[in-house]
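J.: Listed here are the chains, written in short residue letters.
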Amino acid sequence: MNTFEYLLQGFAVASQPMYLFYALIGVTLGTLVGVLPGIGPALTVALLLPVTYQLDPGGSLIMFAGIYYGGMYGGSTTSILLNTPGESASIVTALEGNKMARAGRGGPALATAAIGSFVAGLFATIALAFIAPYIVKFALAFGPREYFALMVLAFVTVSAAFGDSTLRGLTSLFIGLALAIIGIDQLTGQTRLAFDVPDLLDGIEVTTLAVAMFAIGETLFVAAQGKRAPDKVEAVKGSLWMSKEDWKRSWKPWLRGTAIGFPIGAMPAGGADVSSFLSYSTEKQFSKHPEEFGHGAIEGVAGPEAANNASAAGTLVPLLTLGLPTTATAAIMLAGFQQFGLQPGPLLFATNPELVWGLIASLLIANFMLLVLNLPLIGLWVRLLTIPKPWLYAGILVFATLGTIGANPSVFELGMLLTFGLLGYFMRVFGYPIAPVVVGLILGPMAEQQLRRALAISQGDFSVLVTSPIAAGLLLLAALALIVPLVLRARGRGDVLTKMATDED
Amino acid sequence: MKQFFLASILAGAMALPAFATDYTILAPAGPGGGWDQTARSLQTALQDEGISERVQVVNVPGAGGTIGLAQFASQQKGKADALIVGGYVMVGAILTNKSPVSLQDVTPIARLTGESVALVVPAASPLMSVADLVTALKADPGSVSWGGGSAGGVDHILAGLFAKAADVDPTKINYIAFSGGGEALAAILGSQVTVGVSGYGEFEAQIKAGTLRLLATSGDARVPGADAPTLTEAGLDVVVQNWRMVAAAPGLSDEQKAAVTADIQKLATSKTWQDMLKTKNWQDTYLSGAEFDAQLAKDISSTEAILKDIGLVQ
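Residue numbers (UniProt numbering), protein chains in the order written: chain C, 1 to 505; chain V, 1 to 314.
To be clear, the hints were calculated from the coordinates, so they are not data collected in a lab. Do not take every clue at face value.
To be verified - Chain V regions said to be covered by chain C (calculated; three or more residues, Cβ under 8 angstroms):
# : segment
1 : 66-75
2 : 112-123
3 : 137-145
4 : 159-168
5 : 217-226
Unchecked claim - Below are the SDA-like pairs computed for lysine to any residue, each with C-alpha atoms no more than 25 angstroms apart in a straight line:
#  : chain 1 : residue 1 : chain 2 : residue 2
6  : V       : K278      : V       : Q314
7  : V       : K77       : C       : P409
8  : V       : K138      : C       : F349
9  : V       : K79       : C       : Q459
10 : V       : K266      : V       : M128
11 : V       : K208      : C       : P409
12 : V       : K138      : C       : V411
13 : V       : K164      : V       : K266
14 : V       : K98       : C       : S410
15 : V       : K208      : C       : F349
16 : V       : K98       : V       : Q314
17 : V       : K278      : C       : P409
18 : V       : K98       : V       : K266
19 : C       : K248      : C       : V222
20 : V       : K77       : V       : L277
21 : C       : K137      : V       : K208
22 : V       : K79       : C       : S410
23 : V       : K138      : V       : K98
As the list claims (entries may be wrong) - Covered stretches of chain C (in silico footprint by chain V; criterion: 3 or more residues with CB under 8 angstroms from a CB of chain V, positions within the stretch not fixed):
#  : segment
24 : 111-121
25 : 137-143
26 : 445-457
Think of the CB as a built atom: it goes at the ideal place given N, C-alpha and C, for glycine as much as any other residue.
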């Protein structure tokens with residue numbers, strides 16, 4: 001049998017009514033648990049995995065796929081509506097999505113996220129079925145120096161994408177980089193800047209920082225303005241559904257997001273957060289409405305949401321072909337496979353084709369179910385925003401706090417949440433962008449570790465950084481991204497760039 | 001009648017704890033890792049075997065398990081229904097992090113599973129045997145890069161012990177720490193590092209598919225089905241095993257400790273648990289009581305010695 005026949009057979013199994021029902025239950029459970037703040041897809045899957053053990057292998061895989069995709073999607077709902085990203089991959093979604101929600105465009109934001117996730121899930125799952133073996137070869141060509149070059153590219157494009165003042169953007173970025181140093185250094189096992197506080201040994205949790213900066217900082221900012229604050233929150237303005245214009249502005253970002261997310265997700269040290277950042281800065285480059293970025297640009301939701309879903313499918317590439325779980329979620333999936341005595345790895349496609357193709361077909365079906373379930377729910381979700389402002393913000397505070405405590409039950413963590421919330425408030429007051437702090441915390445350690453690994457392997461010879469074609473190519477791209485805007489500015493198009501800049505976030 | 005019925009249910013519900021303990025298991029790591037999987041397997045097996053009515057798993061991640069350990073030791077004192085999962089990695093982490101709380105502050109119950117650490121090279125590597133690796137290491141210790149899990153963990157310790165046994169200064173080894181066996185595997189497959197060190201299970205599929213060559217395993221016996229010597233057989237006096245254990249809260253009475261030990265013993269010999277070990281490819285290394293205490297003390301002192309040799313602990 002060839003690939004296509006296997007896939008059809010997988011569909012034949014997965015589309016039995018009982019299995020469709022399992023898929024629906026999985027998607028519903030996944031979305032409901034995923035919506036809770038502080039609970040990312042990994043924990044959702046870990047909590048719900050035992051539920052699937054009671055079923056036969058086919059039903060179990062299908063329900064599992066539903067939970068996985070449902071959990072991924074549920075996280076973006078809270079990011080968009082409440083500005084409380086539950087995991088690092090939906091931080092970017094919160095940036096533009098929450099602005100849209102507060103401008104009465106929560107409906108289109110949720111819709112473009114849902115459809116974008118669907119499109120990305122569809123294409124990425126198909127790619128998984130057909131080109132997994134080639135993608136994995138490409139991903140393995142990435143060693144420490146190539147990752148370092150990729151991080152440099154991400155730094156350059158992402159820091160350029162936020163804020164109007166380079167100085168302020170860089171200040172924020174360096175606050176993030178400084179926070180990133182805290183904790184045990186992975187390469188030597190020594191602690192840095194932890195001041196003998198055990199809670200700091202593992203560094204600062206990205207979601208704690210993001211929720212504090214976005215949700216708590218925002219709440220304080222609104223509260224501090226009191227009655228003077230313009231009543232910005234409008235639940236619904238215009239259509240609840242995406243307009244023709246929205247569609248036109250969304251479809252390209254969906255595809256670009258997929259193209260960025262899938263290969264990066266397949267890389268053992270890539271991940272959904274890096275791909276969502278890269279997608280965001282790409283969309284800002286390509287957008288015809290760059291001035292809307294920071295004020296709720298639909299491209300800024302469509303692209304990153306597609307990217308993080310595509311990269312979720314991408315993580316299945318090393319898992320299925322190499323037996324290599326590259327994320328916590330994938331590690332739990334591995335446990336799910338082992339439940340049936342399966343050992344994912346290079347031989348899996350050859351020894352157990354039915355189950356592999358069954359899983360891939362299930363993913364496609366779960367993806368479709370997710371769309372069916374979520375589009376009608378958008379109207380309901382958006383109504384959250386009609387809650388009077390004091391209640392809404394009080395609710396956000398409660399949810400942010402609960403989420404943090406739920407993910408890590410510790411008083412110190414709660415203290416950090418409040419401290420960073422205050423920092424976020426003051427940064428807002430003085431007009432410093434917030435996103436670069438979070439970006440610094442996420443990308444800083446990756447860049448540092450990969451650079452040091454590359455140099456350790458070469459025993460201190462710096463030339464290794466540019467002697468690989470992939471690394472050299474990526475660094476060249478980064479250099480272009482740095483120089484081109486300078487040239488444009490020099491040629492008198494500076495005002496365009498200023499217009500692109502934003503005053504908030 | 002109806003009230004009597006309700007009352008009997010209530011009485012029954014209240015009487016239950018007398019027969020079975022509702023355990024809470026702390027996994028001192030995030031969901032997905034080895035300790036989390038151990039805790040969740042324990043949960044399923046304890047429930048399915050009827051040893052415990054309801055078992056909860058709590059994740060407290062961080063710093064090689066020492067954060068969870070510290071929380072467990074201070075909050076669960078004297079509670080007979082609290083368990084924590086741990087292992088060899090914790091022994092190293094307690095030392096490198098100068099953790100104020102150690103395994104002496106909890107009540108170790110039993111070692112449950114174990115895994116040999118494997119030394120592998122990519123299929124295209126010129127290194128064919130342990131002897132080749134020793135020769136390369138003696139010629140230029142820095143040119144041999146070892147890719148494995150986090151610094152100070154069992155993989156790093158094995159690299160240090162290997163160098164020491166081969167008469168090479170262990171401070172000279174070029175160990176490249178990755179966030180886990182998975183990321184290290186990618187670097188080994190991509191020939192980014194000379195030799196890979198990680199749990200045998202992480203490499204098994206690749207070894208069988210012929211993309212990695214197994215040089216040796218680190219346990220006291222060969223891994224069943226693996227075509228490679230132990231390090232001892234290859235002429236190096238090194239035995240290391242990455243084991244996982246379960247411990248109870250500090251301050252238990254002797255009766256309480258005996259009850260928990262009996263429950264775990266029942267679990268370890270049950271069919272559910274044995275089947276789980278098979279599907280997860282975990283080796284059964286069950287050891288409890290005084291024998292386990294002695295083995296634990298031995299592991300701690302040898303780990304401390306090698307971490308000092310590598311220079312991670314002063």
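J.: Run the structure past the numbered hints and jot down the numbers of the failing ones, going up.
T.: Numbers 2, 4, 5, 6, 8, 9, 10, 11, 12, 13, 17, 18, 19, 20, 23, 24 - these are the hints that the structure violates, sorted from lowest upward.
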